[in-house]
Amino acid sequence: MTNAIVVYRTTTPPLGTAAVLAACLLDPRWWEHPLLTLGLIVAATLARRFHLPVTKFTFVGVLGMVAVGGTLLAGPAAAALAVAVGVMLADGVLLGRGALPAWINASREALALLAAFGWYAWARGPMATGGEGLLGEAPAIVVFVVVHFALARTLQYLSLIVRDKLSPEERSLILRYEVIGLGASTFVLTAMLAAIHTLEPAGVALVAVMLGFAGLLLKRILEESIAAEELNTVLAMEAAVAADATVGSAIARLERMAYRLLEWKELRVLRWDGREATVIYRTGDGFLAVPEAAPRDGERLRSEALASREVLLLADANRDARVERSRADAASRAVAPLTFGDRLIGLLELDTPKRGAYGAKEGVLLKRVAQQLATTLHLMDLRAPLVATVERLTQEVATLTESARALRGGGDGVVRAVAEIERGLQEETEQLTQGLGSMRALAERTRAVATDAGAAHDGTRQASSVAAENRAAVEGALQQLLDAKGFTAESAARVTTLGATMREVTGFITVIRELAVQTNLLALNAAIEAARAGHEGRGFAVVAEEVRALADESGRAADDAQRALKGFEDQMQQTAQLMARGESLVGDAEARSAGSREALGRIVEGTAAAALNAARIAGSAEEQRRDVERMRERLTRLEAIVARNREGLASVSASVAGQADALRSLERATTELRDVVGALGVLTQRVTRTG
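Here our numbering = 1-based position in the sequence shown + 22.
I should point out that these hints are in silico values taken from the structure, not numbers from a laboratory. Just so you know, even glycine gets a beta-carbon here, dropped at the ideal spot from N, CA and C. Everything hinted at is true.
Label pairs and their calculated CB-CB ranges: (1) Pro-223 / Arg-344: 49 to 55 Å; (2) Arg-318 / Ala-691: 55 to 61 Å; (3) Thr-411 / Ser-189: 34 to 40 Å; (4) Ser-194 / Ala-315: 37 to 43 Å; (5) Glu-424 / Lys-389: 49 to 55 Å; (6) Gln-540 / Gln-593: 30 to 36 Å; (7) Thr-411 / Glu-314: 27 to 33 Å; (8) Thr-300 / Asn-340: 23 to 29 Å.
Using 35 Å as the maximum straight-line C-alpha spacing, the simulated DSBU-like pairs for lysine-lysine come out as follows: (9) Lys-376 / Lys-389; (10) Lys-389 / Lys-241; (11) Lys-383 / Lys-241; (12) Lys-287 / Lys-376.
Please work from the sequences and hints to get the whole structure.
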């Protein structure tokens, strides 16, 4: 799109110039009627100069009527030349828009006229009505007017449409007033052509005067209508100020709306703190998060505007002595103070490369824009303390919420702690009760111990007396044991000797036994010999039989004696063994008796010491009994104290529970207050955002 605009701006001037020159060469009537051509130039210049601005981009004029009427009266060459020269003079000289923009506009208007004339020339043949003069060409003239209007306005608004400079509201406004202008121009053109065709010059002059008066009246009406449109724009600015938007968005919206009425290349909003001005908004950059220092260029104008509090308009800034440095992009400048009542808030500065862009009308509009902008900044200043208050209130509510939550947690903890203490006191009471029972039992046992200790002391004392009294008897018994040991040793020796004697007797009996056996054998041999002798040996046989019987009896007696002696010997051996054991036992008894005597001495001494210790134990047991009684009394008092503490703790628990409920209510109220503050914070952010 940018390339197309560049091509359009670079090709339109030479094409338009070439077309005008070609038309002048092909149609010499412009030279043949110089006065008419000059009159058309003057008319085109005036029509261009005194147009009716609708917005800063658009205007309603009667240049189209001059172009079409001049073509019909003097030919296309004279009309194209008049339009081109008139636009050049009006834009380049009278309006001060510069040579190049004036050349582009003049070429555009000339091209539109010549192109529309081609359509008119084509339409004259098939659309002719057969009437005389211009009446017969009425349809072709209508085509001429419509095509010229379409081409001229298309070329005029092409760059604006391509660059999206027009809002939907502006397009509707432009279309409305362009149609009104087309209708008015067509009516004037028709009336003038009819007057020229039918009336004398005096009548034509009268019609021209009447149409001029009607045109001025219509212009005034349209100016009032446009002023009403501008008022709507100002009201829209007020809505932008009051709208729920950030400060930066509100200023940007004001900028867009004011841009419909005023022209600038750069707009700057400066804040004044009483010492220096800083830039807070600039076209292209928008709202600046960090204000910047004001440019040094323009300090004189700012000082004058701050001092006078009046809008300063510089139609040709490069020739104004108050401008420190001339700039091509700031040929026209405007500085408006931003005041709210008596308070000076800042400055509004506009720069545009177009000379003569700011006049009295623009000054009025700029003053209105400055008032709305000052109101916006003043509201921002009023909202700043509200923001700080809401933030501080939010912090305090947050702190209160945390405190309430902490207090509630602490209250709950206290309730739990009180409950734990109450349970502990209950357990302590139970333990005290059990302790009292144990102390009672301990007191009884201590009393019994004291009694038993006294009895033990008495018994020990008696045992000590008895042990002392029987010590001599024990020593006599020990002496008897020693005597018994000697007797036992002597008896054992005698028994040993007797055993030896018995063994000798047993030997003798053995010999007797052997003699009895031999005797029995001899008797047997004698009986055998007696039997062999027969009758003579019968007496010898009897003797031998008696001897054998005696030998048998002696053998049996010897056997009996041997057995008896054997049993006696065994008994003697057992007796000897017993005597030996008795001797050993008596020896042990002697040793033990000696130890017992020493032990008895120690027993006597220990019994005496035990008696003394038993006396001490009895005394200690009595003291312990008294201490236990005192402890039992103290535990009884402690039980009463614990009971009172439990009652007090119950009341404290009830109070803490009530405080916990109150803290919960406080937390709920704090939460609701936090929600309210949050909503207030959101509302404050909505009305105080500065981005």
